[in-house]
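Just so you know, the protein sequences line up as chains A, B and C, in that order.
For the first sequence, this note's numbering begins at 1 and goes up steadily by one.
For the second sequence, this note's numbering begins at 1 and goes up steadily by one.
For the third sequence, this note's numbering begins at 1 and goes up steadily by one.
In short, the hints are calculated from the structure, not lab data.
Keep in mind it's a predicted model, so treat the numbers as computed, not measured.
Every residue gets a Cβ at the ideal spot worked out from N, C-alpha and C, and that includes glycine.
Each hint should be verified, as a subset may be incorrect.
Estimated spans, in silico, between C-beta atoms of each pair [said to hold, decoys possible]:
{"id": "1", "chain 1": "A", "residue 1": "LEU276", "chain 2": "C", "residue 2": "PHE154", "range": "38 to 46 Å"}
{"id": "2", "chain 1": "C", "residue 1": "LEU172", "chain 2": "A", "residue 2": "ARG286", "range": "44 to 52 Å"}
{"id": "3", "chain 1": "A", "residue 1": "LEU276", "chain 2": "C", "residue 2": "ASN276", "range": "28 to 36 Å"}
Cross-link-like lysine to any residue pairs, in silico, SDA-like; alpha carbons within 25 Å at most [to be verified]:
{"id": "4", "chain 1": "C", "residue 1": "LYS54", "chain 2": "C", "residue 2": "ALA5"}
{"id": "5", "chain 1": "C", "residue 1": "LYS213", "chain 2": "A", "residue 2": "THR185"}
{"id": "6", "chain 1": "B", "residue 1": "LYS109", "chain 2": "A", "residue 2": "ILE273"}
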Amino acid sequence: MAAPVFPKGYNIKKRRSQALAFGMFRILSISIVLILFAILGFIIYKGAGVLDWDFLTEAPSDGMTAGGIMPAIVGTLLLMAGSAAVAFPVGIMSGIYMNEYASKTGWTVRFIRLMTNNLSGVPSIVFGLFGMALFVKYLGFGDSILAGSLTLGLLSLPLVIRTTEEALKDIPDGIREGSLALGATRLQTIWKVVLPMGMPRIITGLILSLGRVSGETAPILFTCAAYFFPQLPTSVFDQCMALPYHLYVISTSGTDIEAQQPIAYGTALVLIIIVLIINILAGMLRKWFERRLKIK
Amino acid sequence: MEKIEARDVNFYYGDFHALKGITMDIPQNKVVAFIGPSGCGKSTFLRLFNRMNDLIPGARLDGKILIDGQDIYAPGTQVDELRKNVGMVFQRPNPFPKSIFENVAYGLKVNGIRDKKFIARRVEESLRGAALWNEVKDKLDASAYALSGGQQQRLCIARAMAVSPSVLLMDEPASALDPISTAKIEELICELRSQVTIVIVTHNMQQASRVSDMTAFFYMGEMVEYDDTRVIFTNPSKEATQNYITGRFG
Amino acid sequence: MKKIADKTVRWVLTASGFVTSVVILLIIGFLFTEGAGLFGEKVIEEGYVLAVNKDNPVRVLDAAQIKAVFDEDMTNWKEAGGPDLPIETFRLEDMDEYFTEEQLGPQYENAGTLITSLVASSPGMVAFVPESMIPDDARLVFIEDCNISPEEVFAGTEWYPTATPAPLFGILPLLAGTLWVSFFAILIALPFGISIAVYMSEVASERVRGFLKPVIELLNGIPSVVYGFFGLIIIVPLLQQVFGLPVGESGLAGSIVLAIMALPTIVTVADDAMRNCPGALREGSLALGATRWQTVARVVIPSSMSGIASGVVLGIGRAIGETMAVLMVTGNAAVVPHSILEPLRTIPATIAAELGEAPAGGAHYQSLFLLGVILFFITFFINLCVEYISSRNRAKNS
Chain A
1 MAAPVFPKGY NIKKRRSQAL AFGMFRILSI SIVLILFAIL GFIIYKGAGV
51 LDWDFLTEAP SDGMTAGGIM PAIVGTLLLM AGSAAVAFPV GIMSGIYMNE
101 YASKTGWTVR FIRLMTNNLS GVPSIVFGLF GMALFVKYLG FGDSILAGSL
151 TLGLLSLPLV IRTTEEALKD IPDGIREGSL ALGATRLQTI WKVVLPMGMP
201 RIITGLILSL GRVSGETAPI LFTCAAYFFP QLPTSVFDQC MALPYHLYVI
251 STSGTDIEAQ QPIAYGTALV LIIIVLIINI LAGMLRKWFE RRLKIK
Chain B
1 MEKIEARDVN FYYGDFHALK GITMDIPQNK VVAFIGPSGC GKSTFLRLFN
51 RMNDLIPGAR LDGKILIDGQ DIYAPGTQVD ELRKNVGMVF QRPNPFPKSI
101 FENVAYGLKV NGIRDKKFIA RRVEESLRGA ALWNEVKDKL DASAYALSGG
151 QQQRLCIARA MAVSPSVLLM DEPASALDPI STAKIEELIC ELRSQVTIVI
201 VTHNMQQASR VSDMTAFFYM GEMVEYDDTR VIFTNPSKEA TQNYITGRFG
Chain C
1 MKKIADKTVR WVLTASGFVT SVVILLIIGF LFTEGAGLFG EKVIEEGYVL
51 AVNKDNPVRV LDAAQIKAVF DEDMTNWKEA GGPDLPIETF RLEDMDEYFT
101 EEQLGPQYEN AGTLITSLVA SSPGMVAFVP ESMIPDDARL VFIEDCNISP
151 EEVFAGTEWY PTATPAPLFG ILPLLAGTLW VSFFAILIAL PFGISIAVYM
201 SEVASERVRG FLKPVIELLN GIPSVVYGFF GLIIIVPLLQ QVFGLPVGES
251 GLAGSIVLAI MALPTIVTVA DDAMRNCPGA LREGSLALGA TRWQTVARVV
301 IPSSMSGIAS GVVLGIGRAI GETMAVLMVT GNAAVVPHSI LEPLRTIPAT
351 IAAELGEAPA GGAHYQSLFL LGVILFFITF FINLCVEYIS SRNRAKNS
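Generate the whole structure from the sequences, applying the supplied hints.
This is how it looks when you write it as structure tokens:
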């Protein structure tokens, strides 16, 4: 048997190509961190000077060249709450159905999952069109917080379903069987045992879905968002301002760029702060949950 | 002529002291079997010979291991060169998701051999050496996953032998296989001993007695006894060994 | 009692299980009805007609020809299959040039007859006038008004939804814009995405990974308007300077912003796929003397190819559907782009920019819904691809 003669120096060559490849990967990865910090840093640097108590608590004035963004903040919070009211109950129930009731191998689960995945891939502007056609026109809600919340709720539904399903999937079957063996009904088992165990992870997912809703613009363009609506909304049939739409309007169709750019930076900063808070909250919750699992 | 020399080897996984002061010599072109109950450290010890444990975070080694007189843990050791020289066959067959041919050619290619003719010849020789050639010669381009478990394991042996290592480590190579495949693997081990030094970890004492020249018995991270296989199985000097091979525990 | 409660709950849960399917059906239903309505609309603006002299044999003009005639790109009837006769156009705005105020009368009550006789006396004239204004007169005939045809829409290269007398709804420039921007976005994002995924799953220590992962998640969480704003303030002027462009808003600006936005999707999915590659394969490769890089390139990446592919396809889906950021930085010119450095316009951006101004129920409004249908089906198809890839992968692994 002719033993292979390995080329001399190849080991050096292959180690060098590894150093080269890994070095490149490292540089590219560092660059992405830099990009993130560039975006964050830039907006924080430019926006921090604008951000003060008046900016957060005053309505825009002088043709949106002065004043604050309070109505937009309130509007975004209202939309987050409204979409949560739509998506959370339905999404969680749907996730429970998928994991606890439907047969795991049957066509229903596969079909629903396919549809849910497809819905999560539908572009947000299509949700906007749909919301306009169904809620604004067909059901006659008009441009309103109600129509906007419903549209955003449908948009975040797939995310809520998926987190619920994944949270429940990780709960071992033995725990369910243990409860059923004690004479509890399936509903009692879900309500008293399964849901409480899955809750921390479900909540993490819900918080992240709120984050997504807070930044969406396209779905509310034609269902809810108002260009300028300085008073606070009084009913769900009112329009409202929203942070992302406000940022869009101010940065693209501004009338006085000099005066409006600081407002744009401030608005972007507030949006980013919301996203940061939500991400940090979700991260802390996840860590806390993991630690609790470990102790057990 | 000693192929592998271990000198006072201590190994830790974090705080866990997995191997306790092991010293042993493995002679060239012999088959040495490591036996012992699960968790006794025999696999850990085996994986030190090609530095496979380097991958585990928090692992630490004291002592020396020499192959052909070279300290393989000395600074500046080229781990890939070491592993080229010290082949390994794992507990479960782990062919790559590639064709049969590409699996065997892999070791040659990653070590810089480009000559297609040579690779083809070498693949054939290695498959013949692993008694697999006649079964696969018409489907070298088929996926390795199309083979049965036993065939896959022989393919992994062929793959390891293709780069012509001087040591072959086998970590319970037959534990996932049926008796007929196991017999084929054992036959193969007996044929390969003229070319390489083989260290085999096994749970199966009959297997150890059938294939090995020397046997080491491990217990709780210590090497209790190391001697000719015949002596270990007929007249062990330690009571623990006696108890283990007669099946009183383990 | 307990049993009834249990049953009710079961029903409610089952019903909510099917909510997403219902929503998909509703989306298809609503978008389709509105979008398909476009093909029932007439080419010429509602309530208006194109009147020509009865001696002019031309009776049919398609939308593109009408636009060419009124843009004065087409100046002779023989180009439309008629006699060799120069074309004169007449719009209501031109009235003052032909008639005095006394002739027209204080309420323009004479306009109809005046225009009729004008057209009757000029053989090459075509007049764009409200139907109600023109009395029945044998001396002039109307150009036949056809429905907007699918070829005009799907093969049309001009998007002028507000042009009069005949708006053009050719979607090709928008489709081309969408595909160009997404293609370049993926071209930029792919090397970064795969590199970062490899780095995270194969090279980085647990600590570095623990730092990178939240960074990627945060990048995913930043709203698209913020990316658009950043692009507008930083990337657009930068491109303008670097390439010496007349305007910085361009396809490339959109691609860069989209690349950053598609990155987290690609990285997360590819990283998951590579981490799921069995350790036994890695060990097998390392044990043959392969370096870690050889192991990654020859074993880990090929065996997690389908997962990586899903990530890339999902990233493409995200890029194609993204609206706000693209709207803000691409310059929104509805022409088939010749270079990525020119302004262009994507389908989602078109919907977002124009729906607010399109009168509900009109052809323009419906055409935007049709764009929505197209967008929906592109992403639907992409999702089915991902589903197919990952189901094949599951079959292979089991």
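So which of the earlier hints does this model not fit? Going through the list in order, the structure violates hints 4, 5, 6 and respects the others.
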